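Quick note, the sequences are listed as chains A, F, H and L, same order.
If you read the first sequence in this note's numbering, its first letter stands for residue 1, the second for the next number, and so on.
If you read the second sequence in this note's numbering, its first letter stands for residue 1, the second for the next number, and so on.
If you read the third sequence in this note's numbering, its first letter stands for residue 1, the second for the next number, and so on.
If you read the fourth sequence in this note's numbering, its first letter stands for residue 1, the second for the next number, and so on.
Simulated from the structure, these hints should not be mistaken for laboratory data.
On a predicted model such as this, the values are computed, not experimentally measured, just so you know.
Hints may contain errors.
[As the list claims (entries may be wrong)] Interface residues of chain A toward chain L, partial, derived using beta-carbon atoms under 8 Å:
1) A60
2) V66
3) R115
4) G119
5) L135
6) A250
7) L289
8) A294
9) S300
Just so you know, even glycine gets a beta-carbon here, dropped at the ideal spot from N, CA and C.
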Amino acid sequence: MTDAVWVRRWSSVSIITIVGLAGIIAILAFGPLFLGSYWTSRLTTLFIYIILAVMWNALAGYAGLVSVGQQAFFGLGAYVVIRLSDAGMPVYPAIALAPVIIAVLALVLSPLALRLRGGEFAIGMWVFAELAHLLVNLDSLIQGETGRSLIALSAFAPDVRRANNYWFALGAMTIFLALVFVLLRSRMGASVQAIRDNEEAAASVGVRVMATKRTIFVLAAAGCAAAGALTLSTLITFQPKTFFSVQWTAYMIFMTLVGGLGTFEGPIIGAIVFFIVESLFGSSGVWYLIALGASALVFSLWIPRGIWGTITARSGIQLMPIGYRLLFRK
Amino acid sequence: MNVLSVEALDARHGLLKAVRGVSFAVSAGEILALVGANGAGKTTLLRTIAGAHKASSGKVIFDGTDISNVPANKRTRAGIALVPEGRRLFGEMTVEENLLVAGRTGRKGPWNYATVLDAFPMLQPLAQRKGNDLSGGQQQATAIGRALMTNPRLLLIDEVSLGLSPVAVNAVYESLQTVIASGATIVLVEQDLSRVLRISTRIVCLLEGRVVLEGRTSDVTKEQITEAYFGLRRPATLEVEA
Amino acid sequence: MLTATGATKRFGNFIAVDRVDFAVSRNEAVGIVGPNGAGKTTLLNLLAGTYPLSAGSVSLDGLDVSRTDAAARCRMGIGRSHQVPRPFVDMTVFENVFVAASSGGSCTRAEGYKASIASLDLCGMLSNANRTAATLGLLDRKRLELARALATNPKVLLLDEIGAGLTDAEASELVTIILQLRATGITIVWIEHILHVLLQVIDRLVCMDSGVVIAQGKPEEALAHPAVIEAYLGSGVA
Amino acid sequence: MIDQIVQGVLLGGYYALVACGLSFMYGVMRIINLAHGSLAILAAFLVWYITEQLAVSPFIALLIVVPIMAALGWILQRTVLDRSLRSGPLTPLLSTFGIAIIIDNGLFERFGADTRSLAPNIGDLSYKSWTLPGGVTVGQLGLLTLGVAVVLIVGLQLFLKYAPLGRAIRATAEDPDTAELMGINSRSVYAAAAAIALGTVAIAGAFLGMRATFDPYSGGAQLIFAFEAVVIGGTGSLWGTLLGAIALGVAQNLGAQVNPKGFLIAGHLLFFCVLAVRVFAAGGFSLNWLKALWRSQPA
Chain A
1 MTDAVWVRRW SSVSIITIVG LAGIIAILAF GPLFLGSYWT SRLTTLFIYI
51 ILAVMWNALA GYAGLVSVGQ QAFFGLGAYV VIRLSDAGMP VYPAIALAPV
101 IIAVLALVLS PLALRLRGGE FAIGMWVFAE LAHLLVNLDS LIQGETGRSL
151 IALSAFAPDV RRANNYWFAL GAMTIFLALV FVLLRSRMGA SVQAIRDNEE
201 AAASVGVRVM ATKRTIFVLA AAGCAAAGAL TLSTLITFQP KTFFSVQWTA
251 YMIFMTLVGG LGTFEGPIIG AIVFFIVESL FGSSGVWYLI ALGASALVFS
301 LWIPRGIWGT ITARSGIQLM PIGYRLLFRK
Chain F
1 MNVLSVEALD ARHGLLKAVR GVSFAVSAGE ILALVGANGA GKTTLLRTIA
51 GAHKASSGKV IFDGTDISNV PANKRTRAGI ALVPEGRRLF GEMTVEENLL
101 VAGRTGRKGP WNYATVLDAF PMLQPLAQRK GNDLSGGQQQ ATAIGRALMT
151 NPRLLLIDEV SLGLSPVAVN AVYESLQTVI ASGATIVLVE QDLSRVLRIS
201 TRIVCLLEGR VVLEGRTSDV TKEQITEAYF GLRRPATLEV EA
Chain H
1 MLTATGATKR FGNFIAVDRV DFAVSRNEAV GIVGPNGAGK TTLLNLLAGT
51 YPLSAGSVSL DGLDVSRTDA AARCRMGIGR SHQVPRPFVD MTVFENVFVA
101 ASSGGSCTRA EGYKASIASL DLCGMLSNAN RTAATLGLLD RKRLELARAL
151 ATNPKVLLLD EIGAGLTDAE ASELVTIILQ LRATGITIVW IEHILHVLLQ
201 VIDRLVCMDS GVVIAQGKPE EALAHPAVIE AYLGSGVA
Chain L
1 MIDQIVQGVL LGGYYALVAC GLSFMYGVMR IINLAHGSLA ILAAFLVWYI
51 TEQLAVSPFI ALLIVVPIMA ALGWILQRTV LDRSLRSGPL TPLLSTFGIA
101 IIIDNGLFER FGADTRSLAP NIGDLSYKSW TLPGGVTVGQ LGLLTLGVAV
151 VLIVGLQLFL KYAPLGRAIR ATAEDPDTAE LMGINSRSVY AAAAAIALGT
201 VAIAGAFLGM RATFDPYSGG AQLIFAFEAV VIGGTGSLWG TLLGAIALGV
251 AQNLGAQVNP KGFLIAGHLL FFCVLAVRVF AAGGFSLNWL KALWRSQPA
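For reference, chain A alone in the conformation it holds in the complex (with noise of 0.2 Å):
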């Protein structure tokens, strides 16, 4: 009788999405050929923003963490590349080396972090934010809140320097949007997910609760520390202040809950939705951010599936090949 059952795993919808999100990256990554320099660069922010949705959500969605500190990591990336450019290393590869120093601090973290619940861990993240902080403006190299910029850059001119910007941050959104698809696709995906779902029945089921957790916890962290990386190729100098700042947590969280908590689509589309905000009334100041607070309020209390989480629980429709599907011979 089971000869008869067997697994699938791609449907004709999902194969779609992948060839489609593959042909959309194949044409972006001809971008800086024709976008024109404006384009060009608000791209690179929504590649960013992307990076930064998907790791939050990661943490938060899937592993049940909410951090109020990623911009911890935000900002130590961004630094590792000041101190990894002054240390004589060229630009670019520094900042792809950025994350894995990065992740390493953070499995270094991990013991004490995530033995933190709840609120202990969310303001937790936030200390260790700002005891970073402190710690890089200590740096002689820093300046204290003065800042340092990334003077390796200077060697590009404008129009190149953009169009590496944006191939690396494209190719940074791509490896970690790929990162966690596969993460989700492997078995342990299917981990990950009943953490979500529940973490005790998790548990009495053998899975390694801490080991997935831990995994996360450092995809995320690195993830955050690329963007930062990135964010400093683009803003070119390095303020604390800036980097260090919680409103980087607070657009990670608006676009995660705005776009779908614990999906792996949601959060893209959250970060969209952001990166169109943010171009429509970003300068309108202060009423924007009020209204990005009153969004997550909003969305946190009475729509909490979020934009992509509301849709597929109407209409059902999986995108994404991270399932399982049972098919029967007739």
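Assemble the complex: chain A is given as a structure, and chains F, H and L must be docked to it using the hints.
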């Protein structure tokens, strides 16, 4: 005059039907005993009457008023008090505080801090002891006293003697006599059948959420109760669902 | 094969399980009964590793697992179901079971598929495999709970009141499934209130009250034990 | 050195003030309110605004602001927190964080980026001090802050112990279901507790304004100080919070001796050390000690 009547009451725990279409009535001055194996739905039934658990359908009528949609704290103030399963004392608070906190918004009536201590002499030396540091019997006496502080017209007691030593059970029942004498109507859940037979005026037996036996205590035999209780042989009143 | 020695669990001042010695041998089916608050579920949690022991020890196949956490014990062969089913609600039935197979059963992907399909088939859940667990009714949730525990490839299966809240017809279906499990050589420890269901399956009955074992032995003998009748019905009835 | 310790103790008085409401709210509702610091800044701005507008002493203004903040607490509980408590463990964190963003930026919109202080409005209280033998100076305002913190903590404990509402709060905190069965309306009790917590936040905000400067974005720092004080002092009583607050203040002042920027770093390091010791010594970590903290009574 019925103090309480329950009509076709259904209650669920998530998808689990704990109480299925239960109906019965209690008239003033009665002592109704709810019996049945655990998992039969007694606790859920009491909690649903007290408003601590939401009914999925059916009615709870108290003193002629439909209170099905009234929150628990208002039902208490209207005169229904529940001594919950496991006593649920406020463990970090003293006996005195446990009693006073319940008397805060209660009805007027014969019960106050002094009269409760009179009815439960065992509590007098324990007034400043924390709930967590009491023995089971002392906890039960405090829990009943706490419920009395609200001056209930209907007292619901879940598992009167569960986990108590025989001496403690005797002491608790002795004190209950005082409560009965004060004219309260009581619905109690009790595992000890011989006690039930001695103290109650009527018996309702539940099996898997349904009433399988109901009658005046004087009309029911032990054999009938035991059979209904264990469900070893299926009572004829129990229809089998498709 | 699974042994608890002097197992004790305290919650604050309250002793839920008090120096209980409990053992189950290979291919045996043991039932546990007792009034509410007797400590049955707590004992199960101590065996499964959900709670740490306050005192005493638990061993599996002669290996001390007292300090091993629930997930690791599951991987060593202790499977369990919960009194109130705890499905992973946003995942499909198959995914629920596959998590258990790949984590608890520590097997490759292909083996995991096979084990998942087999346990779904045994529990009569194969036709529901692609439904989201949130949409299941109570009986199906209980079946899923069982299938999930089975997929972890347990040597011993701890069942906590999987019959509670089911109708007669539903309960007898469950009994059929559990009898089939026994036939495959799985050891079973089953807490259940509905005696007539339990008695169809078990070899031995353990009765608990107030955190201690008050009687055990052949089911009929244990039930006839005066202490058991007293615990259930109170003094003076026997 | 002795001078630094004395100054640290006085600073600890302020931290105890600001930590009080955070632990109270957690103790009753199990909410870690991420808007706590922002609410303190909101209170500081209200006191400042009333002081300026009505040309009264900040202490008079505080008499108006405490009820305003208490009312705000009541409304907050009824509209947002009640709902978020019912929708899973992450929701209170997300919704209170949203509130923090709204408050911070709302203050910026209304009052701009300038830093403010109430120090000019309290005359010589802001700088007057006594000199102890050995040359240690004790600021009058610092001493007053510490005194108010002690009075507030003692007052809260007496209230919880003896006032009927205080007992109802303790009962509800311990077991809201059973409290309902005793005729206690747990929603109202929660709302009252939120009102009390925000009343203390108002006092904390006023003293922050008198002893230092603040701006619309100072809330995060206040939340962190409050949380650190509670974590460091978690020995099982409200006095623990006071001790934790003092330890934090002392550590910061000593840190500042090592390096001009060492003030905050030392506080954060102490926090992480205490956290690490607690996590690894206990083999696990929970906020149970916090739960016990405000509930237990002085011996």
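How the hints compare with the structure:
1. Hint on A60 (chain A) holds. Least Cβ distance to chain L is approximately 7 Å, under the 8 Å limit.
2. The interface hint given for V66 (chain A) is met, as the beta carbon of that residue sits about 5 Å from the closest beta carbon of chain L, less than 8 Å.
3. Hint status for R115 (chain A) relative to chain L: holds, with the closest Cβ pair at about 5 Å, below 8 Å.
4. Because the beta carbon of G119 (chain A) sits about 3 Å from the nearest beta carbon in chain L, less than 8 Å, this interface hint is met.
5. Checking L135 (chain A) against chain L: minimum C-beta separation of about 7 Å stays under 8 Å; hint holds.
6. Because the smallest distance between the Cβ of A250 (chain A) and any Cβ of chain L comes to about 6 Å, under 8 Å, the interface hint for this residue holds.
7. For L289 (chain A), the shortest C-beta to C-beta distance to chain L is roughly 4 Å, which falls under 8 Å, so the interface hint holds.
8. Look at A294 (chain A): its Cβ gets to within about 6 Å of chain L, closer than 8 Å, so that hint holds up.
9. At a threshold of 8 Å, the smallest CB-CB gap from S300 (chain A) to chain L is about 4 Å, leaving the interface hint in force.
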